[in-house]
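Residue numbers (our numbering), protein chains in the order written: chain C, 1 to 242; chain H, 1 to 84.
Fair warning: there could be bad hints in the mix.
[Unchecked claim] Computed cross-link-like contacts, DSS-like style, restricted to lysine-lysine with a CA-CA straight-line distance of at most 30 Å:
{"id": "1", "chain 1": "C", "residue 1": "Lys-25", "chain 2": "C", "residue 2": "Lys-73"}
{"id": "2", "chain 1": "C", "residue 1": "Lys-163", "chain 2": "C", "residue 2": "Lys-73"}
{"id": "3", "chain 1": "H", "residue 1": "Lys-21", "chain 2": "H", "residue 2": "Lys-66"}
{"id": "4", "chain 1": "H", "residue 1": "Lys-45", "chain 2": "C", "residue 2": "Lys-73"}
{"id": "5", "chain 1": "C", "residue 1": "Lys-73", "chain 2": "H", "residue 2": "Lys-66"}
{"id": "6", "chain 1": "H", "residue 1": "Lys-66", "chain 2": "C", "residue 2": "Lys-80"}
{"id": "7", "chain 1": "H", "residue 1": "Lys-45", "chain 2": "H", "residue 2": "Lys-66"}
{"id": "8", "chain 1": "H", "residue 1": "Lys-21", "chain 2": "H", "residue 2": "Lys-45"}
{"id": "9", "chain 1": "H", "residue 1": "Lys-42", "chain 2": "C", "residue 2": "Lys-73"}
{"id": "10", "chain 1": "H", "residue 1": "Lys-42", "chain 2": "H", "residue 2": "Lys-66"}
{"id": "11", "chain 1": "C", "residue 1": "Lys-80", "chain 2": "C", "residue 2": "Lys-163"}
{"id": "12", "chain 1": "C", "residue 1": "Lys-163", "chain 2": "H", "residue 2": "Lys-66"}
{"id": "13", "chain 1": "H", "residue 1": "Lys-21", "chain 2": "H", "residue 2": "Lys-42"}
{"id": "14", "chain 1": "C", "residue 1": "Lys-80", "chain 2": "C", "residue 2": "Lys-25"}
To be clear, the hints were calculated from the coordinates, so they are not data collected in a lab.
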Amino acid sequence: MAPVRFGIVVFPGSNCDHDAYYAVKHVLGADAVFLWHRDTTLRGVDVVILPGGFSYGDYLRCGAIARFSPIMKEVVRFAKAGGFVMGICNGFQILCESGLLPGSLLRNASLRFVCRMVHIRTERAGTAFTRLLAQGQVLTMPVAHGEGNYYTDASTLAGLEAKGQVLFRYSTLDGQVTPGANPNGSLRNIAGVMNEEGNVFGLMPHPERAMEHIIGSVDGAMIFRSVLEAVTQRAPSAVSKE
Amino acid sequence: MNFTMEIIITRRPTILDPEGKAVEHALHELGLGNIANVRIGKHVKLIVTADDEEQARAIVEEACRKLLANPVMDDYTITRATGS
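Isolated chain H, as found in the complex:
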């Protein structure tokens, strides 16, 4: 079976995200002062062939650990795309 999986990779919360800060500042300049804690990350979408969703998740987990995320600085979440 093919599973479409989505991964969101962000800097760990303890790490300053200067890009997020800069965007937050720009949003405030636009008058959107009620927005806070902007964090910018990466979105990866991929198709994985597996017997079931559990196995698909395990494969993506390995991909995150080995390449897609850097454990020193990144957190990641894995979800199955809706409708896949």
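This is chain C alone, in the form it adopts within the complex:
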């Protein structure tokens, strides 16, 4: 069987693209390719990663312009066909702007750019992105953002909760979801959400920066390994490749 191939989209202003590439290629040992924002093919990838950064300078709103890149048409089509898509930080903002995930990311309640390690609690194990995690398992990884304050209207929020689409919440190290553990003011400490179909996931923390002990945490690798396993266990024809 061919190795699982990850595609990392590079927008003008992406700055976590190489971290994501390193994470999947050199830590996971999977195949990885960069996809330029003007490309019109996903080159047969199994998973698309929208990395962190400041695509298009964050002009207008974070992710608002990246959404109209030629590559995003393909990413939307891939996602609608059931392909795995993961958005990290700015990538999460782009997924919200493009309508692949509900809600939006507002300015941090503190008005400050927050760059530090946080703890996130696994709210739902067993999904494509959390299949190697246990329910309630706490992961440690960094956040680095100015607009990570997850917001959606009350009825959408109720739907997300009812359908188990909240995969991670900011918590203390021992798994308490408290206001003090919330770095940005997100509704209900939400750190990451998945679409209803279970193939598109976005989060503000940076799992690709938590892949090796030497940089402080290996917890992010659990998320990447989960999706890698999800691809290998899925029927080969589940997603049509170009």
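Use these hints to put chain H onto chain C, whose structure you have.
Quick look at chain H alone, frame taken from chain C:
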């Protein structure tokens, strides 16, 4: 015809505007305590070619819906610039 249109985009009133709050606080620190409900938004000015003002507004409305505003969190108002 060319119409100069102005758009003001603000966070919906139900959404906390931390930037507005911070500025309000600073205004109060300056002794301007009679100022309240500060909200900060974006101002977009553009020229649109259309047959009449109604069509110009419809075009700008579409621009707001598709790009300039995010319906999850933003409200917007469209006006024709005076003298245009």
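Do the hints match the structure? See the list:
1. A distance of roughly 25 Å separates the Cα atoms of Lys-25 (chain C) and Lys-73 (chain C); the hinted pair therefore holds under the 30 Å criterion.
2. Restraint check: the Cα-Cα separation between Lys-163 (chain C) and Lys-73 (chain C) comes to about 27 Å, which is no more than 30 Å; the hinted pair holds.
3. Distance hint between Lys-21 (chain H) and Lys-66 (chain H) is fulfilled; the C-alpha atoms sit about 28 Å from each other, no more than 30 Å.
4. Proximity of Lys-45 (chain H) to Lys-73 (chain C) is assessed by CA-CA distance (about 29 Å); at most 30 Å being required, the pair is judged to hold.
5. Between Lys-73 (chain C) and Lys-66 (chain H), the direct Cα distance comes to roughly 15 Å. Compliance with the 30 Å bound is thereby established for this hinted pair.
6. At most 30 Å may separate the alpha-carbon atoms for a hinted pair to count; Lys-66 (chain H) and Lys-80 (chain C) meet this at roughly 20 Å.
7. About 17 Å separates the Cα atoms of Lys-45 (chain H) and Lys-66 (chain H), which keeps this hinted pair within 30 Å; it holds.
8. At roughly 25 Å between alpha-carbon atoms, Lys-21 (chain H) and Lys-45 (chain H) fall within 30 Å of each other, so this suggested pair holds.
9. Taken as a hint, the Lys-42 (chain H) and Lys-73 (chain C) pair is honoured in the structure, with Cα atoms around 28 Å apart against an allowance of 30 Å.
10. At roughly 16 Å between alpha-carbon atoms, Lys-42 (chain H) and Lys-66 (chain H) fall within 30 Å of each other, so this suggested pair holds.
11. For the hint pairing Lys-80 (chain C) with Lys-163 (chain C), the CA-to-CA distance comes to about 19 Å; that is within 30 Å, so the pair holds.
12. A hinted pair counts as satisfied when its Cα atoms are at most 30 Å apart, and Lys-163 (chain C) with Lys-66 (chain H) qualifies at roughly 28 Å.
13. Distance restraint check for Lys-21 (chain H) and Lys-42 (chain H): the Cα-Cα separation of roughly 16 Å lies within the 30 Å cut-off, and the hinted pair is therefore satisfied.
14. Proximity of Lys-80 (chain C) to Lys-25 (chain C) is assessed by CA-CA distance (about 26 Å); at most 30 Å being required, the pair is judged to hold.
Consistency with the previously given hints is maintained throughout, with no hint failing.
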